[in-house]
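Asker: Now for the letters of each chain:
Protein chains: 2
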Amino acid sequence: MDKDKPDEEVTAAILVIGDEILSGRTKDKNIGYIADYLTTIGINLREVRIVADIEDEIVAAVNAMRERYDYLFTTGGIGPTHDDITADSIAKAMGVSIDVDPRAVAIMEKRYGPGEFTPARKRMARIPEGADLIKNAVSGAPGFMIGNVIVMAGVPRIMQVMLDDVAPKLRTGAKMISRTIRVERPEGVVAGGLGRVQEQFEDVSMGSYPFFRKDKLGTHLVLRATDEARLDEAIKVLWEMLREEGFADHAREVDADEAAS
Amino acid sequence: MDKDKPDEEVTAAILVIGDEILSGRTKDKNIGYIADYLTTIGINLREVRIVADIEDEIVAAVNAMRERYDYLFTTGGIGPTHDDITADSIAKAMGVSIDVDPRAVAIMEKRYGPGEFTPARKRMARIPEGADLIKNAVSGAPGFMIGNVIVMAGVPRIMQVMLDDVAPKLRTGAKMISRTIRVERPEGVVAGGLGRVQEQFEDVSMGSYPFFRKDKLGTHLVLRATDEARLDEAIKVLWEMLREEGFADHAREVDADEAAS
Chain A
985 MDKDKPDEEV TAAILVIGDE ILSGRTKDKN IGYIADYLTT IGINLREVRI VADIEDEIVA
1045 AVNAMRERYD YLFTTGGIGP THDDITADSI AKAMGVSIDV DPRAVAIMEK RYGPGEFTPA
1105 RKRMARIPEG ADLIKNAVSG APGFMIGNVI VMAGVPRIMQ VMLDDVAPKL RTGAKMISRT
1165 IRVERPEGVV AGGLGRVQEQ FEDVSMGSYP FFRKDKLGTH LVLRATDEAR LDEAIKVLWE
1225 MLREEGFADH AREVDADEAA S
Chain B
985 MDKDKPDEEV TAAILVIGDE ILSGRTKDKN IGYIADYLTT IGINLREVRI VADIEDEIVA
1045 AVNAMRERYD YLFTTGGIGP THDDITADSI AKAMGVSIDV DPRAVAIMEK RYGPGEFTPA
1105 RKRMARIPEG ADLIKNAVSG APGFMIGNVI VMAGVPRIMQ VMLDDVAPKL RTGAKMISRT
1165 IRVERPEGVV AGGLGRVQEQ FEDVSMGSYP FFRKDKLGTH LVLRATDEAR LDEAIKVLWE
1225 MLREEGFADH AREVDADEAA S
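Chains A and B are the protein sequences, given in the same order.
For the first sequence, the numbering used here begins at 985 and goes up steadily by one.
For the second sequence, the numbering used here begins at 985 and goes up steadily by one.
No lab work stands behind these hints, which were simulated from the structure alone.
Quick caveat, the model's predicted, so the values are computed rather than measured.
Some hints here could point you the wrong way.
To give an idea of the chain A side of the interface with chain B (calculated C-beta under 10 angstroms), a few residues [to be verified]: (1) Thr1023; (2) Gly1026; (3) Arg1107; (4) Thr1210; (5) Ala1213.
30 angstroms max Cα-Cα, derived DSBU-like pairs, lysine-lysine [unchecked claim]: (6) B:Lys1200 - A:Lys1094; (7) B:Lys1106 - A:Lys1011; (8) B:Lys1094 - B:Lys1119; (9) B:Lys1153 - A:Lys1011; (10) A:Lys1013 - B:Lys1198; (11) B:Lys1198 - A:Lys1119; (12) B:Lys1200 - A:Lys1119; (13) B:Lys1200 - A:Lys1200; (14) A:Lys1013 - B:Lys1200; (15) B:Lys1094 - A:Lys1011; (16) A:Lys1200 - B:Lys1119; (17) B:Lys1198 - A:Lys1106; (18) B:Lys1011 - A:Lys1153; (19) B:Lys1119 - A:Lys1106; (20) A:Lys1011 - B:Lys1200; (21) B:Lys1198 - A:Lys1198; (22) A:Lys1011 - B:Lys1159; (23) B:Lys1106 - A:Lys1198; (24) B:Lys1220 - A:Lys1013.
Each pair of labels, with its calculated beta carbon distance range [stated by the list, open to error]: (25) B:Lys1011 - A:Ile1025: 12 to 20 angstroms; (26) A:Arg1197 - B:Lys1200: 23 to 31 angstroms; (27) A:Ser1081 - B:Glu1113: 26 to 34 angstroms; (28) B:Asp1233 - A:Lys1153: 22 to 30 angstroms; (29) A:Glu1228 - B:Asp1116: 26 to 34 angstroms; (30) B:Pro1152 - A:Gly1097: 51 to 59 angstroms; (31) A:Ile1025 - B:Asp1040: 52 to 60 angstroms; (32) B:Lys1011 - A:Arg1236: 40 to 48 angstroms; (33) B:Arg1052 - A:Ile1025: 29 to 37 angstroms; (34) A:Asp1211 - B:Lys1011: 26 to 34 angstroms; (35) A:Asp1199 - B:Gly1099: 18 to 26 angstroms.
By construction, the Cβ of each residue, glycine as well, lies at the ideal position given by its N, Cα and C atoms.
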């Protein structure tokens, strides 16, 4: 695909690897962060999966998703313990060999004092053949990118610096712009009109999200598109509907921060 | 499978349906909640997927997961708007018809005043043929269970009351018990010993989770099993390892609350 065609859609998926998420012990904080991040830079997140630390599960999920989307981001399973099997599973999925990587060793040797670069930590220098390293400014041990698969740590603050390192290298598409109208009426009352507006705009995605504030029921109507002019048109038609249905006096446009608060 | 065999493993998956999660607009709060809940009642959560509000995606994910696990829980997409297509997609996946359900209508008619039971709200009474309703004490419109698929709302407080309603009807297996040892040493230093202990206990799952508290690095070693006696044995062998490696003075057992804090 062509880097000079910014209107083209670029798609992505996330694979979260970790028993601790499935058992409930750890609450995932990476999916929402990556989702926001990708939306901001113009990559369309289309699917997420969470699987256990089981090689066959990881291999199957990696292969299903890397073939289907432009990028696959993985989080988790690249630490020093026996159950950190992500790097080996990725190598298997891609059909390449894996070994301790001299570039990763060089980075990590600088981090650790004499005797501290334990065999367990050396596991973290295992990188599939042909991968590019992703910098980890927090704790040294790198992530990596191989083909369209981006392999990052599960610890949020480490994942975040890895995402910052790799993001500038990725192809991005047209950015989604969104606008939100808050209506102080229940979703079930506003929904019919929104559906009729949606029918007129195939290229603008329209969603409605109920909210409860104290004892008040209301609805956020969120319109999203890559073309600003089309989004403006859709907002105009939406306001016409709100006026016709008698909701205009209970509605106003809000920014994303206010909608989230 | 047999309700009288409590040691048998009962498995589950979650399918989260919603563009708003993939765009980052809404941060999912249901996965972690359901994960905790299922662990507590003795159901083993094995996989999670998040897909967009697209019928083909929902149908494919439902069929992949309902065949593979004992139960599939879905959240989202059962509201009143045009993009709420979960009920219809589930009917399609299961190969059954769907229509406005008189039982659901009866519940909802009691909720709404004259003229308030709008056509959009009537969408929420569409239930696949042969499904059992799940009560929604918060806002009326029910969820449903069909075969091994449990369909719940995406709004967390509604999802939670639906889960409370359906849970007593589910088959459950042996409950996982877990114990946690906190070691005030970095993961890369403790990991090797844990791996050697794991080799001796195939039926006890052992994970290590690094933590950062102020400037302190440490590791939680979490052992999980359904058999309490085996878990006790594994904890004993783990303490032997910690003593041999000189970590015992930096380690103590903590309960789940302390580990999470």
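Asker: Hint numbers the structure violates, sorted upward?
Answerer: 2, 4, 5, 7, 13, 15, 19, 21, 24, 26, 27, 28, 29, 31, 32
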